[in-house]
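There are 2 protein chains.
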Amino acid sequence: MFSGPEAAGKDSEIFTVNGILGESVTFPVNIQEPQQVKIIAWTSKTSVAYVTPGDSEMAPIVTVTHRNYYERIHALGPKYNLVISDLRMEDAGDYKADINIQVYPYTTTKRYNLQVYRKSWEDGGLLYDVLLVLVCQHFTEDFCISVH
Amino acid sequence: MFSGPEAAGKDSEIFTVNGILGESVTFPVNIQEPQQVKIIAWTSKTSVAYVTPGDSEMAPIVTVTHRNYYERIHALGPKYNLVISDLRMEDAGDYKADINIQVYPYTTTKRYNLQVYRKSWEDGGLLYDVLLVLVCQHFTEDFCISVH
Numbered sequence: 061m062f063s064g065p066e067a068a069g070k071d072s073e074i075f076t077v078n079g080i081l082g083e084s085v086t087f088p089v090n091i092q093e094p095q096q097v098k099i100i101a102w103t104s105k106t107s108v109a110y111v112t113p114g115d116s117e118m119a120p121i122v123t124v125t126h127r128n129y130y131e132r133i134h135a136l137g138p139k140y141n142l143v144i145s146d147l148r149m150e151d152a153g154d155y156k157a158d159i160n161i162q163v164y165p166y167t168t169t170k171r172y173n174l175q176v177y178r179k180s181w182e183d184g185g186l187l188y189d190v191l192l193v194l195v196c197q198h199f200t201e202d203f204c205i206s207v208h
Numbered sequence: 061m062f063s064g065p066e067a068a069g070k071d072s073e074i075f076t077v078n079g080i081l082g083e084s085v086t087f088p089v090n091i092q093e094p095q096q097v098k099i100i101a102w103t104s105k106t107s108v109a110y111v112t113p114g115d116s117e118m119a120p121i122v123t124v125t126h127r128n129y130y131e132r133i134h135a136l137g138p139k140y141n142l143v144i145s146d147l148r149m150e151d152a153g154d155y156k157a158d159i160n161i162q163v164y165p166y167t168t169t170k171r172y173n174l175q176v177y178r179k180s181w182e183d184g185g186l187l188y189d190v191l192l193v194l195v196c197q198h199f200t201e202d203f204c205i206s207v208h
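Taken in order, these protein sequences are the chains called Z and X. The opening position of the first sequence corresponds to residue 61 in my numbering, with each subsequent residue numbered one higher. The opening position of the second sequence corresponds to residue 61 in my numbering, with each subsequent residue numbered one higher.
Source of the hints: derived by calculation from the structure; they are not laboratory data. Watch out, some of these pointers could steer you wrong.
Chain copies aren't distinguished; within one or between two, either way the pair holds.
As the list claims (entries may be wrong) - Lysine-lysine pairs mimicking BS3-like chemistry, simulated, CA-CA at most 30 Å apart:
(1) Lys98 <-> Lys179
(2) Lys156 <-> Lys179
(3) Lys156 <-> Lys139
(4) Lys105 <-> Lys179
(5) Lys156 <-> Lys98
(6) Lys156 <-> Lys105
Since this is a predicted model, take the numbers as computed values, not measurements.
So that you can see chain Z by itself, here it is in the shape it has in the complex (with noise of 0.2 Å):
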């Protein structure tokens, strides 16, 4: 649901993506050209899922290929996003996009790394940890788990 500040841009940029247990998280995959776009293969640990040109560039057509991405993954067209719902702890990790388009350079890969965060209490924790989250993000891990 919310991301950190790293651009997605070339190879070897990381993204981080931060989303809570059980809700929903968005990939930003920010298709600039998305009539060149021929097929995008999305790996983590296992492989999850291929993107495909639907009818119209508002509808993109996702194939998951691991049981454990099965019926939690849609792409949000026309930028190619990628939607994971029902997010589980397991999900978070390092995720790659291969992004195969019509011209040179043909293939560009943009990566990403998941984190999942639990809701501590409801609503007032919440808050709480989506601020920590980004207080975090300016300090050390250790100052986090201490706070924490």
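For this one, chain Z is given, so just place chain X on it according to the hints.
Frame of chain Z, contents of chain X only:
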């Protein structure tokens, strides 16, 4: 071209696949019930390809998902074995096939390790290398390095 002795059955087993630079190599998937296959997703350091049933069991459809493998992959029906041709040294490494079928357990994973050997000399050199690979599978790596 020639493969190691480990079985490629359960999720944890790793099947060694040996190939020769510039030639083709086959990953044995050995699907027993091809009519159950929905999609097979191949991944390595990058995504590789996905394979779906074609009009007949004999002609699965391959869609390559990374430029590293463009025009170098096909699948053999009805067992869905995967062939990579024109092998490169950088193809070496771990490969996984997430096999999605219509029924429980829905997804099973087969793991492979591809080793790519350079032909030292024509004919005699190739035979020597092949024999050495087979010998190495029964001795320590140090032994093989000292023989080489």
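Tested hints:
1. Proximity of Lys98 and Lys179 under a CA criterion of 30 Å is satisfied in neither setting, with 38 Å inside one chain copy and 36 Å between copies.
2. In this assembly of identical chains, the alpha carbons of Lys156 and Lys179 lie at most 30 Å apart only when taken from the same copy (26 Å versus 34 Å across copies).
3. Proximity of Lys156 and Lys139 under a CA criterion of 30 Å is satisfied in both settings, with 16 Å inside one chain copy and 29 Å between copies.
4. In this homomeric assembly, Lys105 and Lys179 come within 30 Å of each other (Cα to Cα) only inside a single copy, at 24 Å, whereas the closest approach across copies is 34 Å.
5. With identical chains, the CA atoms of Lys156 and Lys98 are at most 30 Å apart both within one copy (16 Å) and between copies (23 Å).
6. In this homomeric assembly, Lys156 and Lys105 come within 30 Å of each other (Cα to Cα) both inside a single copy, at 10 Å, and across copies, at 10 Å.
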